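Enquirer: One letter stands for each residue in the lines below.
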Amino acid sequence: MKESVLLIDHVYKYFGGVKANEDISFSVKEGSIVGLIGPNGSGKTTLFNSIVGTHPIDKGSIKFYNKEVSTLPVPVIAKLGFLRTFQQTRIYGKLNCIQNMLISAKPTNDNIFAIFSNIPKELNKKAENLLDFVGLFQKRNLRAGDLSFGQQKLLELAMALMNEPKMLLLDEPTAGINPTLINGIIERLIKVNKEFGITLLVIEHNMRVIMNLAQEIFCLAHGNLIANGVPDQIKNDQRVIDAYLGVQ
Amino acid sequence: MNKKILFYSVILLFGLIAPFLFPAFKLQMSILWILIVLSLTWDVQGGQMGYNTFGNILFFGLGMYLCSSIHIGIFFPLSEWTASGGEKTFLHTPKQFFQGFFIGLILSGLIPAIVAALIGYGILGLRGHYFAICTLGLGIAAGEIAGGIELIGAGQGMTSPPWPKGIGDTELRSEFFYFLSFILMIFTFLFLRWAYTKRFGLVLNAIRDNEDKAEAMGIYTMRYKITGWVVSAFFVGIAGGLMGNMIGYIEPVETAFAGRTFGVFMVLMAILGGKGTLWGPVIGAAAFHIFKEGFWTFFLGWQYVALGALIVIVVVFFPEGIMGWLREKYPEKFGEVIDEDDRKAQVELK
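Order-wise, the sequence lines are chains Z and H.
Heads up: the first sequence begins at 1 in the working numbering, then just goes up one per residue.
Heads up: the second sequence begins at 1 in the working numbering, then just goes up one per residue.
FRET-style restraints, in silico, Cβ to Cβ:
1) Asn118(Z) / Thr93(H): 45 to 53 Å
2) Ile313(H) / Phe15(Z): 40 to 48 Å
3) Pro56(Z) / Leu27(H): 52 to 60 Å
If you're looking for bench data, these hints aren't it; they were derived computationally from the structure.
Just so it is clear, the structure is predicted and the values come from calculations on it, not from any experiment.
Just so you know, even glycine gets a beta-carbon here, dropped at the ideal spot from N, CA and C.
Bound conformation, chain H alone:
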């Protein structure tokens, strides 16, 4: 128990002082926290529930656009902002900036959650490959649709509001976003850790292992599936909102509904770390981010080849991920033991 507290405190402490120890890596580490959120929430569907979704990127992009649109729209006409390239014409005062940003951030969590509930009601009845294909379509369609809406800059994309003048420099800005991402990551992790110990976690696992059986035992599986997706959409939406502001520029297919990058990364990270475990996605995201940045630095031009090779190695040698591999190797550490003690119990029902 004490070991656990120590472990968590060390991570917390690291997260808090890291931006001052390694100021050059601030942005990279902020992105890492976002990636962990993405892989943790993907794992709710892909790992715990056994529904491989490529659609979570939908909520990421939605959150991104929503956050910035609301951030701007509360104070200025949004269409003029996007038409003029925004920041040249209008400028948020610091108060406006933070007010708008936090309202945007909250709504960028809530609205995707509602969207997830509605879409989920429609498509969570699909199983296996059909669900995967359907969600793949969702992400792509969303990107195309966003690319056609003039109000949010269509295919050109839009800028998110720049850091207001008069309160610190770019260092403060990146620290601000760093801590927001860190808090979001901690909060997501703690929430899922809590939820997995409840009935929620057990039923999701039951759905993964045998949904028909769960239904035959009288569980309304649909409600759990929708709840799970709503939870994911909420956190992914906020992550999107943060990300959009952090990088300052939103493009429909490359950054917002980026199925080719973040959409695939979130799946890879969870699988690399071990899907269906709490720590797997976290470890996976950290390892993946290090590998990815390494490839981009040392194999520039060949980075996608190196990434592809990594995927092949993971799928062939660690199909269950790092955590799954550990579990195979040391099952007794995960509580899989045969109890030699015999006992005679008195069974009573009712």
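Chain Z with its partners taken away, still in its complex shape:
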């Protein structure tokens, strides 16, 4: 049995009276691809934010490689090798793609010498390779803000890979991307998982994508974890169907 990378244990998060996450518990095994689905407003992104430390949780514990991370600030968690991408792309719009990549390289400890240090030359090569991997090599000298939304999503994926994370949380990697490109992204994500050994936790609304991608899926509704299992189980689970389509 493989070690579990991420262990979420009875996590609660309230916004005033809104129960965003209630009693969520699950674990993610090393090297797996796990899906997180649920209707809009079911607390998926909130859970992501809790995991990476954007906001504190009200109760429970989140462990990354057996290290409690629920009380750590965002950059510290990121330095542990635990990254997320955003639903709305977040890239450095006025910098070109190469610069976007360089700045995303595994961070130094940011002391005064690191602040005024050179950016290692060999990173350039790596940045170009990764940009080529997501199909953006030709546009590497353009400003990231001038790229299309889909391309920005790909750039964000490449930036995350540049950081060499142990685990990657992807918030809707295929939203707003054309169907042909989606196949490319699925392919690449599987490659990322297999070849680079990065554990993936993916929020996705596109069922075709998540069913093809994930080995295990968790479904949230109204802040509660209502079902989990392999894709085929989830597909036929009455509670999941009810949550998406409404109870008849």
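Once you have looked at the hints, place chain H on chain Z.
Expert: Then chain H, alone, in the frame of chain Z:
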């Protein structure tokens, strides 16, 4: 490459011989060098980092007061100097003058840098408009506080030590300050040029474009923000110290913490030239100084109206400044090209 060296040498040469070619403009050109320092350092926050600060004037005034106070305080009782109008009672010997001045100048760089680190730790967590408003308050508060301290002349202000007797005339004095300002400008420019090629520059830009993302990628942005402000405060402080000595008289609100003039000018110059670029603030400061002096000469009485009109024109037609406008027009000159060559790379991590 050679073109670049030639370009820099021409500027250097111009700076060196200008005071002898145009002796009448010596003071104006010294002020221009100071203005370039102000706009370059403002651009570290306002342009490269995307934090619009109105607080850099705080370090300017602080440096001004510090330099003169130390310059005087080392040799004479400061309170008696300010009470008596200074130069009538005490006189620096040339040796005292230069010793005191250089110690004052160094400290007027170091102390504002420390102050910037302390204040920055407190307020650089604020973002956007909140940061701007907060720093605006800093400058105003500093002026009011300085106006209440008797030791440095309170609202009346203080005189900085006059040029010592027995070593040359006022021409030598203005040449001395001219070259000091020129050296400061060159040094500031070279330092920032160097720093922007390092990790420092790239992270500042990342903070400007998306600070949350930078944090999510594991960068301790706060350290870069504080470092940036410390760098600015250091150079602005020295510029203030120089300026105070150059004009010879320090008044809390009009010259030292002059938010209404220098505080606004430094923002305008950087925006006019193009914020977030290395050369933008330099070009902006030069253009602005020429415009400003022109307005004061030809539209006296209406100078602020003309200046206001200039601001409106800049904001409406050149929101990205001169450099930004050039970049919009000729993106390929700035390296924004689509590479048509395809390639297949072997990607490996670890």
